[in-house]
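*Asks:* Protein chains in written order, with the numbering used here: chain A, 672 to 814; chain B, 672 to 814; chain C, 672 to 814; chain D, 672 to 814.
Hints were generated in silico from the structure; no laboratory data involved. Treat the hints with care, as some may be off.
Under 10 Å between C-beta atoms, here's a sample of chain D residues computed to sit facing chain A [what the hints assert, rightly or not]:
(1) R682
(2) F710
(3) E742
Where is the CB? At the ideal position from N, CA and C, for every residue including glycine.
Protein chains: 4
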Amino acid sequence: MLKHSYRCPLRWSDMDAFGHVNNVAYFRYLEESRVDLVFRLAPQHEGQELSRGSVVSRQEIRYLRPMEYREAPVVVETWVVDIKAAALTFASVIRDSDEVYAHGSTVLTPYDLQTGRPRRITPKEREFFEFYLEKPGLAEAKD
Amino acid sequence: MLKHSYRCPLRWSDMDAFGHVNNVAYFRYLEESRVDLVFRLAPQHEGQELSRGSVVSRQEIRYLRPMEYREAPVVVETWVVDIKAAALTFASVIRDSDEVYAHGSTVLTPYDLQTGRPRRITPKEREFFEFYLEKPGLAEAKD
Amino acid sequence: MLKHSYRCPLRWSDMDAFGHVNNVAYFRYLEESRVDLVFRLAPQHEGQELSRGSVVSRQEIRYLRPMEYREAPVVVETWVVDIKAAALTFASVIRDSDEVYAHGSTVLTPYDLQTGRPRRITPKEREFFEFYLEKPGLAEAKD
Amino acid sequence: MLKHSYRCPLRWSDMDAFGHVNNVAYFRYLEESRVDLVFRLAPQHEGQELSRGSVVSRQEIRYLRPMEYREAPVVVETWVVDIKAAALTFASVIRDSDEVYAHGSTVLTPYDLQTGRPRRITPKEREFFEFYLEKPGLAEAKD
Chain A
672 MLKHSYRCPL RWSDMDAFGH VNNVAYFRYL EESRVDLVFR LAPQHEGQEL SRGSVVSRQE
732 IRYLRPMEYR EAPVVVETWV VDIKAAALTF ASVIRDSDEV YAHGSTVLTP YDLQTGRPRR
792 ITPKEREFFE FYLEKPGLAE AKD
Chain B
672 MLKHSYRCPL RWSDMDAFGH VNNVAYFRYL EESRVDLVFR LAPQHEGQEL SRGSVVSRQE
732 IRYLRPMEYR EAPVVVETWV VDIKAAALTF ASVIRDSDEV YAHGSTVLTP YDLQTGRPRR
792 ITPKEREFFE FYLEKPGLAE AKD
Chain C
672 MLKHSYRCPL RWSDMDAFGH VNNVAYFRYL EESRVDLVFR LAPQHEGQEL SRGSVVSRQE
732 IRYLRPMEYR EAPVVVETWV VDIKAAALTF ASVIRDSDEV YAHGSTVLTP YDLQTGRPRR
792 ITPKEREFFE FYLEKPGLAE AKD
Chain D
672 MLKHSYRCPL RWSDMDAFGH VNNVAYFRYL EESRVDLVFR LAPQHEGQEL SRGSVVSRQE
732 IRYLRPMEYR EAPVVVETWV VDIKAAALTF ASVIRDSDEV YAHGSTVLTP YDLQTGRPRR
792 ITPKEREFFE FYLEKPGLAE AKD
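Chain A extracted, bound-state conformation (with noise of 0.2 Å):
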């Protein structure tokens, strides 16, 4: 199983009135992570269009300890935990080399632009993500 590996960069603007980096910043740490996964590195694959087309229909966050703003990026770890008819679920980890900072998940739905209403996962895109999917029995890594 691969995982993708991002290095996203904190902006301090991330922190809130509080002096932690806002709960609300973390999605988009998921967000950054995943449109390099899925608007970058997908499409340098054959038959991949989620990029042209996919909406999040689920996603959570469970936090694990606050963060304040520094320099060094964080990593967001994702691997695919479920591929069905038309959904994708990622894992995801929030990190540094010292930390685990957060655990997310995120339900991906392909999604027809033209005619306004989901889609179903095409065989070429199985094949690209099932790259990234935690084999059946390990499944329970989301927790």
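Given the coordinates of chain A, assemble chains B, C and D onto it according to the supplied hints.
*Replies:* Below, chains B, C and D without anything else, positioned relative to chain A:
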């Protein structure tokens, strides 16, 4: 059971390059609503200390339909589905009079800023949030 | 001369780690106000096309006093100080009934999305924005 | 004269519904660059206190060409064009190796958090920022 209802104005900048309200913005709407309930409304009652320190320890949104910027605010309805020793779980619906756009779930943990540690919910706090507590047996409301 | 007046709600997240509304958020307030004037109000009148394409080509804010998050919206008052062949200059004040928080200045250029180029202001557009034009001789109002 | 140079990564969410980097995001790039110069670099030198308290009292951007999200950071180059008793004026250019996207100007005022008032620049601070000061006679660089 009370439901907290908050009219949350959108901003044009909540939309992303796809011309829809970005999935991350929905968490801002939950935050705005929570600020109203926990930072403004709760402190009007005796013994409410969450506004002085609390952290989001988990949150989730399930997206039901896309939204575009419009003048009319969305309504964020929030109620309590669980009160544990050191965690309040809120359920939210983001809606207007016609449509439901998303369901949210948020776990809030009281936090002692002086010690930098989670703390227990006080009896006064429990008393306040029980007004918003969904009765057992109806607890599937999150879905 | 008309002044466009827009009540702009703050968000708690507009504050930064110093506990004040971040200087960048004030430009969001100008944007929200401009969306109301140029995207909502102007198109109710004949021949107004700026909502289909326009770019900010210069903007400036002078900050007079710090602001903290509060429930009450701020008011953004905007009027026109100059109309050139291909540029509208707006002056804005961000205020409430007690205080002035900032002065803003924005140059907006009509933009033809099909050609990807700036274009001239049409006579109908000029006619509309002249209602908001400050008369020469009073033009120091920016300060 | 030194120029401070900061490589600022874009975020996909910096784009707005028109598919360009939103004009407000450019002020975030200036902020990120200023955080690097004033909060990170300056405190490595003796007697620099601006990181403990300073406010932006005026800022301006002139936009030269639209920008889309891309992987490569933009470079924010910043230097000092004026040092007054209680105000530092910075000029900035947002660019990459091919293009200049915007010119910025920022006035920063030292701020005493204890008294809640502006304060004067200290000799040590002046000494540090003079390394970045453009010599008189070249002072049109803002344009």
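*Asks:* So, as I understand it, the hint says D:F710 touches chain A; can you test that by seeing if any CB pair is closer than 10 Å?
*Replies:* holds (7 Å)
*Asks:* Take the shortest C-beta to C-beta distance between D:R682 and chain A; is it under 10 Å?
*Replies:* Check passed: Cβ of D:R682 comes within 6 Å of chain A, closer than 10 Å.
*Asks:* Does D:E742 hold up as a contact with chain A if the rule is Cβ-Cβ below 10 Å?
*Replies:* Check passed: Cβ of D:E742 comes within 7 Å of chain A, closer than 10 Å.
Violated hints: none; the structure is consistent with every hint.
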